[in-house]
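2 protein chains.
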Amino acid sequence: MLDQLIAPDIKALIEEGKFEEIAAFIEDRHPTEAAEILSGLPEDDVNLVLEKLPLQTAADIFCELPGSLQSHIAAKLNKNDLAKLVINLSPDDRVDLLKSLPEEQFDSVLPVLAKREREDIKKLASYKEGTAGSIMTTDYIALPADITVREALDKIRLEGPAKESIYTIFVLDEGRHLVGSVRLADLILSHPSKKLRDIMDGQVVAVQAEADQEEATYKFSRYDLVALPVVDTNGNLVGIITHDDALDVIEQERTEDMERFMAISGKHEDTNYLQTSIWTHFSHRVVWLIILAILGLVSGAILQSFESTLMNLMILAFYMPMLADTGGNTGSQSATVVVRALALKEINPKDILKVIWKEAQVGLLLALVLGVLAFLRVYFTSSGASIPESMNIINIGLAIGIALGIQVLSATIIGALLPLIAAAFGLDPALVASPALTTIVDISGLFIYFSTARLLLGI
Amino acid sequence: MLDQLIAPDIKALIEEGKFEEIAAFIEDRHPTEAAEILSGLPEDDVNLVLEKLPLQTAADIFCELPGSLQSHIAAKLNKNDLAKLVINLSPDDRVDLLKSLPEEQFDSVLPVLAKREREDIKKLASYKEGTAGSIMTTDYIALPADITVREALDKIRLEGPAKESIYTIFVLDEGRHLVGSVRLADLILSHPSKKLRDIMDGQVVAVQAEADQEEATYKFSRYDLVALPVVDTNGNLVGIITHDDALDVIEQERTEDMERFMAISGKHEDTNYLQTSIWTHFSHRVVWLIILAILGLVSGAILQSFESTLMNLMILAFYMPMLADTGGNTGSQSATVVVRALALKEINPKDILKVIWKEAQVGLLLALVLGVLAFLRVYFTSSGASIPESMNIINIGLAIGIALGIQVLSATIIGALLPLIAAAFGLDPALVASPALTTIVDISGLFIYFSTARLLLGI
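Note that the protein sequences, when read in sequence, are chains A and B. This note's numbering applies: residue 237 is where the first sequence begins, and numbers increase by one. This note's numbering applies: residue 237 is where the second sequence begins, and numbers increase by one.
Hints were generated in silico from the structure; no laboratory data involved. Incorrect hints may appear among the rest.
It does not matter which identical chain is meant; a pair holds if it fits inside one copy or across any two.
The calculated lysine to any residue pairs, modelled on SDA-like cross-linking and capped at a C-alpha distance of 20 angstroms, are [what the hints assert, rightly or not]: (1) 455 with 489; (2) 391 with 414; (3) 581 with 486; (4) 399 with 421; (5) 590 with 513; (6) 431 with 393.
With the rest of the complex left out, here is chain A:
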């Protein structure tokens, strides 16, 4: 919204080639806002503005730009300018940028960097996408357990200025094992001659570098952390995850969850709706639609096998949409509740019997209410419909109401069951939710509907 207000002024400045003035205009703004303004400019002009800014300011703004624009800008820099930019980024942003570049550019810039930075980058880049290691930074302060508070503060003053976030200081034993943490505040409030070992919090929460990034974000919210230490298999500290990166991952997973839930495939990375191409939008959606269309063949086959039933009692066709919609809705509800409960670790796949029992009871209540509503609907809206003489509308209404009740109960249970089964097999429970579920519940619903009608009405 911001960029819409000032975009005309900026456009005028660009046309006149006044990049200095644009730079002056954004220099005092928050990097996030500056980056938003720049994202609105033609891609090639962004570089011209960034060049006019002090290097550190340019780097702060750069890392708030969308990933695609970052790569575009970096691709145009020569290896020395790129190296200058890279060393002004925080270690995790560095690696993200370098990984997005073509391999030859990545390889060309590495030798220009100091050995320490080079090794740091190689190490961070080695963690697989989606692991805790891939979102960590090496920008932390770790101190030995047996120095004093005074010594610690001196070391922080020495190392500090280069470090991005020093809310928490990590405490290591002689073997570089993580043994505790001290909040910067506690350090200031403690007596200068005390040892870190005596003031540290020894109940340190950490995550394995190879663990899923969701494990890391889960620990953030569970333990109210500002920074989460990352350790290797030996318990040695290898990095930290900062609260802002954890929040980014949480937002990204939220999108991923909802999109998976609605049968949208793809990588769900930081893509902007309007900037994503038609083709990408299309290809992310079409995959599941085709799979579901193939699954839908079954519902057609079931209907065909009940052709004579339908022929004898056309009125059944009028209530097919009601049956499908209500089944889909109740199934989606129970699936949603179970998927969230799994995500929040309120339940795990071993609770399957408890969950089914609970959903069966909820489903029964829903079945009663909706079954009665369906009977009333049939009774009051079918006055003009043609009915064979051997039946009356009360019989038909009862059959449809009972079928709907059975459908609601089974859809509620299926909706709870599918995510639990997926989770038990290590799959994302959201994958088998809404659209896949709707199609499955449709198939079982048609079968329930016509079988019940045949049985109760004898057709």
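Fit chain B to the known structure of chain A by using the hints.
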């Protein structure tokens, strides 16, 4: 999971009445874990364990307990014990607890507290649920702009121990207006004789106390904050929101979003799946189901009005589920994408034309692919069906394929349109998503289906 492993041991201790031992067992654990263990005990025993712990530890664990258990415990305390507990909680937890108590208990405990705490509680309790003010705490450090770094550190050492989170110090002018912020780290790294005014970050991001809590959480992720200051309409600092409370709200909103998306009503507060009663689960789900069932009357009416078309060509009934499912799926996909883009502020309701144009193009591609698939399906699966002599299967397949294409295109556009319209009227876009959308798209789909068939096949 933790509590399942040790529950048997704890149970044995309870049976023997060894509450001291349970207290010793949990005292050294992280409060979050201790609270989890206690949540597994019979409600009345929790109090007996907490009594055995040092007051501060008990308070730390207490505020990690589920809300319902907190109220249960607090309700059993006399006013003096309750007051002791209350003053050991952080200001925001205090208010949350007191608000959950019966009014007479709230009123009885207030006079026992010191005047300062009493006024603090009254002020915090005055903010409406869902506002930024309702999730803030008054546990912050604010200092005048023209004291030195040395003076600031002295003041922090004096005030600090009572404060929960002092990652950021807020800087006020003479009129208590918020003018900047200083990170604790910057304070340590600055020369002791510098003035706060000279080292502070003047681009301070704040939120109005009356603003929606989502506005606050949005600022957290946008500006990578650890603490967000809350100001009144005069720009005076009245509180801060801490990162952990922001994260709680984000998680709560994530559940709320998904549940609203799936037509589950209710308050979406911190309720645990297994602990929520059958009746609550039922009542949260049944509301929308009844509304949707009433909306479904329309689809029945449309079908009835096309009864003669259906009578003439029974084969049309076989493909009704395909039409409904595909329309529901494509509509849900575009709705999901638009709801997320709105939530992330990538688009706003004013972009409606851009969004519709984009979705129309994506919808057209999907319509082509799925229309052709539908034609092939009809062509290859209808060999045994009874068709009037005046038609052939190619005509019928074309009509169904074209109808499905129109349905996909219109469902995609409707799916994008509804959340945008909801947002323009200040409603939550998620409210008009999936199930409501599916029902609407079903209605329009039936109309499209039978109209197209009538028009193209002349029945």
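How would you label the pair residue 581, residue 486 (within, between, both, or neither) given a Cα cut-off of 20 angstroms? Result: close both inside a copy and across copies, 15 angstroms intra and 16 angstroms inter.
Reference check for the pair residue 590 and residue 513, CA-CA at most 20 angstroms: within, between, both, or neither? Answer is between: at 13 angstroms across copies they meet the 20 angstroms cutoff, but 45 angstroms inside does not.
Up to 20 angstroms CA-CA - residue 414 versus residue 391, copy category: within (18 angstroms within a copy, 32 angstroms between copies)
Same-copy or cross-copy closeness of residue 431 to residue 393 [CA-CA at most 20 angstroms]: Both ways: residue 431 and residue 393 sit 18 angstroms apart in one copy and 18 angstroms across, limit 20 angstroms.
Intra/inter-copy verdict for residue 399 and residue 421 if alpha-carbon distance must be at most 20 angstroms: Cα proximity of residue 399 and residue 421: in one copy and across copies (17 angstroms, 10 angstroms).
Should residue 455 paired with residue 489 be assigned to within, between, both, or neither, using CA atoms and 20 angstroms as the limit? Both, since 15 angstroms and 18 angstroms are each at most 20 angstroms.
Checked against the numbered hints above, the structure breaks none of them.
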